[in-house]
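Visitor: Sequence:
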Amino acid sequence: MKRALEDLLKTALTQLQTDGWLAADITLPAVVVERTRDRSHGDFACTVALALAKAAKRKPREIAVALQERLPIDARVVRTEVAGAGFLNFFLAANAYQSIINQALTLAENFGRSDLGAGRLVQVEFVSANPTGPLHVGHGRGAAYGSVVAALLAAVGFRVHREYYVNDAGRQMDILATSIWLRYLELCGESFRFPANGYQGNYVWDIAATLHRIHGDGLRIAADEVFAAIPEDAPNAEEQAAGIGPAGDKEAHIDGLIERAKQCLGEMRYRTVFDGGLTSIIADIRDDLAHFGVEYDEWYSERSLTERGKVTEAIERLKAAGYLYHKDGAWWFRSSDFGDEKDRVMVRENGQSTYFASDIAYHLEKLARGFDWVVDIWGADHHGYVPRIKAALTALGEDANRLRVMLVQFAILYRNGARMQMSTRSGEFVTLRELRKEVGKDAARFFYVMRSSEQHMDFDLDLAKSQSNDNPVYYCQYAHARVCSVFRTMAEKGLTWDRENALNHLDRLTEDHEQVLLATLARYPATIEAAALSYAPQLLATYLRELANDFHTLYNAHTFLVDDAPLRDARLALIAAVRQALGNGLSLLGVSAPDKM
RNA sequence: GCGCCCAUAGCUCAGAUGGAUAGAGCGUUGGCCUCCGGAGCCAAAGGUCAGAGGUUCGAAUCCUCUUGGGCGCGCCA
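First residue of the first sequence? That's 990 in my numbering, and the numbers climb one at a time after it.
By construction, these hints were calculated from the structure, which means they are not laboratory data. It is possible that part of the hints are untrue.
Taking lysine-lysine and the DSSO-like style, the derived pairs with C-alpha atoms no more than 27 Å apart in a straight line are [stated by the list, open to error]:
hint	residue 1	residue 2
1	Lys1299	Lys1316
2	Lys1379	Lys1308
3	Lys1379	Lys1331
4	Lys1454	Lys1251
5	Lys1239	Lys1251
6	Lys1251	Lys1299
7	Lys1426	Lys1299
8	Lys991	Lys1048
9	Lys1426	Lys1454
10	Lys1379	Lys1316
11	Lys1430	Lys1454
12	Lys1585	Lys1430
13	Lys1426	Lys1585
14	Lys1048	Lys999
15	Lys1043	Lys999
16	Lys1046	Lys999
17	Lys1316	Lys1331
18	Lys1454	Lys1482
19	Lys1482	Lys1585
20	Lys1430	Lys1482
21	Lys991	Lys1043
Produce the complete structure using the sequences and hints provided.
Guide: As structure tokens, then:
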């Protein structure tokens, strides 16, 4: 419809020039038609007269009137008016929106989908939490946001590749492996002080127990031998509170233990422990996300990059291009030449490449894998990372615009009006699994995406759990269930719905509430488009609340199951179409649309 | 100290590419009502869009500065 009006206006504009009303050498501004906010301004409005005023040296209203006079006739437009400073408003025929009903009913689950993306291939990488423990609530927002962005892009015709980057290399994983082994040693009967910097969570015990079940005492080394000549540890949280404990360096201590584990176990057996922890935690994360409605096309291993020489290759390419230099025994990338704050180390003094180096390799691989572009969804704490990755891509002649990084701000959980403390260090963090069990998948997902991703959000646990109209999830689902209920009641009354008859009598929908609901329903496809193209799920969430609201308002004002059959059929068609939009929209958000509640 | 992000009604937040009188829900106040599905309906009050400049026909939206908050500034990942 928007497009049609824009065409009418373009015709009128060129007519102005051929008439000589407007100088032919004026460059015409883009014709933009937008939906009005206020219904008294009609259905659509155009501001081109305002934009043209200066170049044309005419008053905006004069231009608008001239345009109005030259607009081609269109049956869908009942009336136009020039208003305000020079707005040209369009009033559509009452039946202009009616076709949306048939469209929704006919397309059914495809209602709202389009082929805007034309099959272009887009990768969406999200969550990608280190596999060193269960996901916590901080990951939940990225998980919900990423999966909805992916679903939206798919809905508008992109081929979407959902990916989880598994950081299965690096020091954190070594700390996990060592933590598991130490717990295993305890299960074998060894006793010692567990390192302050080790992973404290109960899941470490669980993995160690599995290891013990499989290997018995096969991986056991005497504690004295393990801890011999290891640098002293620092106090753990409890000791620090009590003012006791060793006075060393926890980093040096754990690094020493990692080295010792590798020596004692040898490469093969160390790898056994390491992989045991990795696969166990990945399996747990995968299960957790699946229950949260998040599925991936690929779990991409960081270690595989190294094994295939991709990290070395990336370093060599930068070196060959002249962007690396040697200083203090390390290799530095000149990222400051490309807008980064400072240069970054690629290869450490000890010869190990940094995480940054493998991340460059990973992003080069992403671009090389044939995606038209890639979307990274990161926690806001990684924002400083964006310039350096883009710097590396630019330095290597890649188009950094093919990488789009979306930063998701943190969510703060509230219970009984009080902020919940979340400390990842102590192991007391709220896990995503706990959140899901407490408020349910539907509410958790909806709450996470109903706010703009760049906005800090307060997550009200009590509201998310409540079964009342105050709860936006419940409110939307309830609207869906209510439509289903009307159809059940209809059947109980021995009535049937005649869809053909309904479509022939849509002009019976003359009530204000019906017109409002119809106009809102008609916005559904455009909402999906906007939400997808701007990676903004909250546009859809907000829309669904509006649609549900307009439906509930109509429901409270009028009875659907009236004796007048044509009117009844028409109303049922309207609400059936609304149900379709609600169901499709909720499905994109990964939220269920129940038939009864 | 430097950098990125944020600031909208009492609260939680919408306001996609600058458009007309800045919206919703909750809460507050007043009046109705009990209907297909759990209480609903109608109305009112409530705002210097953090502050100050600027850009232009027009700014919550873009630019600069100030204030306040979040985050980041490792040869960690």
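Visitor: If a hint holds in the structure, say so; if it doesn't, say that too.
Guide: Evaluation of the provided hints:
For the hint linking lysine 1299 to lysine 1316, the alpha-carbon distance of about 23 Å falls within 27 Å, and the restraint holds. For the hint pairing lysine 1379 with lysine 1308, the CA-to-CA distance comes to about 17 Å; that is within 27 Å, so the pair holds. For the hint linking lysine 1379 to lysine 1331, the alpha-carbon distance of about 14 Å falls within 27 Å, and the restraint holds. A distance of roughly 48 Å separates the Cα atoms of lysine 1454 and lysine 1251; the hinted pair therefore is violated under the 27 Å criterion.
At most 27 Å may separate the alpha-carbon atoms for a hinted pair to count; lysine 1239 and lysine 1251 meet this at roughly 18 Å. Between lysine 1251 and lysine 1299, the direct Cα distance comes to roughly 25 Å. Compliance with the 27 Å bound is thereby established for this hinted pair. As the CA atoms of lysine 1426 and lysine 1299 are separated by approximately 41 Å, the hinted pair breaks the 27 Å bound. Of the supplied pair hints, the one linking lysine 991 and lysine 1048 holds, its CA atoms being roughly 25 Å apart against a limit of 27 Å.
Between lysine 1426 and lysine 1454, the direct Cα distance comes to roughly 11 Å. Compliance with the 27 Å bound is thereby established for this hinted pair. For the given pair, lysine 1379 sits about 23 Å from lysine 1316 by alpha-carbon distance, which is consistent with the 27 Å threshold. For the suggested pair lysine 1430 and lysine 1454, the alpha carbons sit about 11 Å apart, so the restraint of at most 27 Å is met. Distance restraint check for lysine 1585 and lysine 1430: the Cα-Cα separation of roughly 17 Å lies within the 27 Å cut-off, and the hinted pair is therefore satisfied.
Taking the CA atoms of lysine 1426 and lysine 1585, the gap is near 21 Å; set against the 27 Å cutoff, the hint holds. The suggested pairing of lysine 1048 with lysine 999 holds, with an alpha-carbon distance near 19 Å, which does not exceed 27 Å. A distance of roughly 18 Å separates the Cα atoms of lysine 1043 and lysine 999; the hinted pair therefore holds under the 27 Å criterion. Distance check on the hinted pair: lysine 1046 and lysine 999 sit about 19 Å apart at the alpha-carbon level, within 27 Å; holds.
Our distance criterion of 27 Å between C-alpha atoms is met by lysine 1316 and lysine 1331, whose separation comes to about 14 Å. For the hint linking lysine 1454 to lysine 1482, the alpha-carbon distance of about 35 Å lies beyond 27 Å, and the restraint is violated. Note on lysine 1482 and lysine 1585: the hinted pairing holds, with a Cα-Cα distance of about 18 Å set against a maximum of 27 Å. Between lysine 1430 and lysine 1482 the CA atoms are separated by roughly 36 Å; this puts the pair beyond 27 Å, and the hint is violated.
As the CA atoms of lysine 991 and lysine 1043 are separated by approximately 25 Å, the hinted pair is consistent with the 27 Å bound.
This entry does not satisfy hints 4, 7, 18, 20, going by the numbered hints stated previously.
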